[in-house]
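Colleague: What follows is each chain in one-letter form.
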Amino acid sequence: MIKLTPRAQASAKWGYLSPVLAVFLTLIAATVLFWGLGKDPQLALYTFFISPIENWYGITELLVVAIPILLCAYGLALCYRASIWNIGAEGQLLLGAVVATTMALQFVDSNSFWAMPLVLLAGMAGGMLCSGISAFLNLRLNCNETLVTIMMNYIALNTLLWAVYGPLKDPSGYNFPESALFGDSTLLPILFEGTRLHFGLLLVILALVIVWVFMSKTFLGFQIKVLGLDKPAARMAGFKEKKLAAMVFLVSGALAGLAGAVIVTGSTGQLIPAISPGYGYSAIIVAFLGRLHPVGITLAGLLIALIFMGGEMSQMVLQLPRAITGILQGLILFFLLSCDVMIRYRIVFTVKLPGFTAAAKH
Amino acid sequence: MDIDLVTNILYAMIMTGTPLLLVALGEMVCEKSGVLNLGQEGMMLMGAVAGFIAMYHTDNHFIGFIAAILVGIAMSLLFAFIALNLNANQVAAGLALTIFGTGLSAFLGNDYEGKQIAVLPSLSIDALQSIPLIGKPLFGQNAIVYLSWILVIVVYLFFRYHRQGLSVRAVGEDPSVASNLGLPVMFIRYLSVIFGGAMAGLAGGYLSIAYTPMWTEGMVSGKGWIALTLVVFASWRIERIILGAYLFGFASIMHIVAQGLNWDVSSNLLAMMPYVATLVVLVMLSRDKQRLKLFEPMALGKPWHRSS
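Here the protein sequences line up with chains A and B, keeping their order.
For the first sequence, the positions run 0 to 361 when numbering that gives the first Met the number 0 is used.
For the second sequence, the positions run 0 to 307 when numbering that gives the first Met the number 0 is used.
Simulated from the structure, these hints should not be mistaken for lab results.
Glycine included, each C-beta is placed from N, C-alpha and C at the ideal position.
Check the hints yourself; a few may be wrong.
As the list claims (entries may be wrong) - Residues of chain B clear of chain A, computed beta-carbon distances all greater than 10 Å:
no., residue
1, 123
2, 130
3, 164
4, 263
5, 285
Unchecked claim - Simulated coverage check for chain A against chain B, where a stretch passes if three residues somewhere in it have a Cβ under 8 Å from a Cβ of chain B:
no., segment
6, 118-127
7, 138-149
8, 321-334
Please model the complete structure; the sequences and the hints are all you need to start from.
Modeller: Next comes the structure, spelled out in structure tokens:
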């Protein structure tokens, strides 16, 4: 028999071990999965996890994928620190992309220096609009934030579709659901010649530093942590609960909106229906896998980006559907939640023998 | 507005509301036992893909629906193990279930996109179907719609008159007290979660076998999430779930209404309606926090551990 006995204190060691173990278990599960699908596991694992990043170009591509995921995940982590179950990064990203595109299309023939910052700010504003609505509904009207943010995701998705099929459709685009191509002044500069790695990487590093300093060095960051860990204590200490919550909502919306703006200005160069293969949802996994810490999130984000690329690779090389990406992401989260049980509980194996019971602690 | 249009709208409203009714019914039972399973969307997707694949290979609707139900149950067991045995946060476990189900269903259904299956025939009662206005909506539906009504009545009677219905509610209100009274808390919660999984699987199967009938990636498009709102909307009361499900069904068929009334509105904006309606309902419901708490099972979403 396996029994769980609560620990007197949460185990810090398992806090770090659990994500590592979860990734390890996911790799084992992936091996079994590939084997079950009749692929050589060694070749499949190589194709999935190594081949996408075995050269310089691959690494830059990995970063391109990681950029929007990380931007979303930093913001979500702030929300989760405050115990706000915001799962609306996807919608905030999409709306950010729509608003950024609207702005960028004003500058198609311009070469103003201010075009680019304006487009990025527009993206952030779009994301903040989306998360701001969620925050208003959650904080002022008491609606459950999980349901509100997921509904906003679908509303944002339909807004994007409406925009590319309607007002933002390229008039000379043969009726394809795409916006016009952006002008040069609203395309993010490429960092390294011959790659697609763009300026967005610097924005990610900036966001990483800001979020890190904010969480660990400022009083506001401390207040957010207290709010998440012990609401009554935060209230007793006189922290402005609603203001803090509204702030994390807006910051996460701005970051996700920026991610949307970065995708259209850095990767696609126009608005298309499929700008995000669920980056905003993956960011949820990334935030948890990274233990809500900016550095952990960065590592987790790179891993999830690798899984996205591995999915593409295995489709080309192994003829496996790229949807395998989603399976592995779901598995990681499952394993993480399962391993997290070790933080709060000790697993005790009890052997039942007739007459007496022997318990062995593990 | 002519009477045919009204009849058609009512007919489509019930047809579209049925999957919501099924999932919400399952989730309500699950929540009554104190377990919050946010994985409805994932379970529905898995039910949809499993039902479609089974139907495609056997050409038998019955087997399709059984497959959908079984896969829904399997998914709910995964959730139950993590949320109930390992005491994980139920919100996170439900999210994981949805993400996993979305990925796995897309993977399994990859080769089945665009494939055709035989439509589930409607099981009309000819004598009654000719009643004007309500005849077709009430008596011209397919078997699953009628089944959903039977299930509603059964669940209603179970909670109203059966001893075990009271046990489920006791476990959802206070598991520790229920356990001290000798009720098998884990067993009851497991059964409730399984019922929720079966309903979600059936609802998914309904979408891919009876409603559309075809498989496309992510075809559930938020119905699992809407159903979660529906349970709150109904304040955990069965009779209100029917009303809510058909209201949301109506919000989902605005394109038919718009076509009938010759409105010129973008279809993408109309597709937003169910989600906007959900938000509106959430706002109306959440005005009074105290009142909401009155109906909510006390132990909803709280992990419970025997020794504690």
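Colleague: Give a verdict on every hint.
Modeller: Now for the hints, and whether the structure bears them out:
Every Cβ of chain A is farther than 10 Å from the Cβ of residue 123(B); the closest lies at roughly 34 Å, confirming the non-interface assignment. The claim that residue 130(B) is not at the interface with chain A holds, since no C-beta of that chain comes within 10 Å of its own (minimum 37 Å). The claim that residue 164(B) is not at the interface with chain A holds, since no C-beta of that chain comes within 10 Å of its own (minimum 26 Å). For residue 263(B), the requirement that its beta carbon stay farther than 10 Å from each beta carbon of chain A is met, with the minimum near 12 Å.
Non-interface call for residue 285(B) relative to chain A: violated, since the shortest CB-CB distance, roughly 4 Å, does not exceed 10 Å. Counting residues of the segment 118-127 of chain A whose CB lies closer than 8 Å to any CB of chain B gives 0, which falls below the minimum of 3, so the coverage claim is violated. Look at the segment 138-149 of chain A against chain B: 8 of its residues bring a Cβ nearer than 8 Å to a Cβ of that chain, three or more, so the hint holds. With 11 residues having a Cβ less than 8 Å from any Cβ of chain B, the segment 321-334 of chain A passes the three-residue criterion, so the hint holds.
In this structure, the earlier hints numbered 5 and 6 are contradicted, and the remaining ones agree with it.
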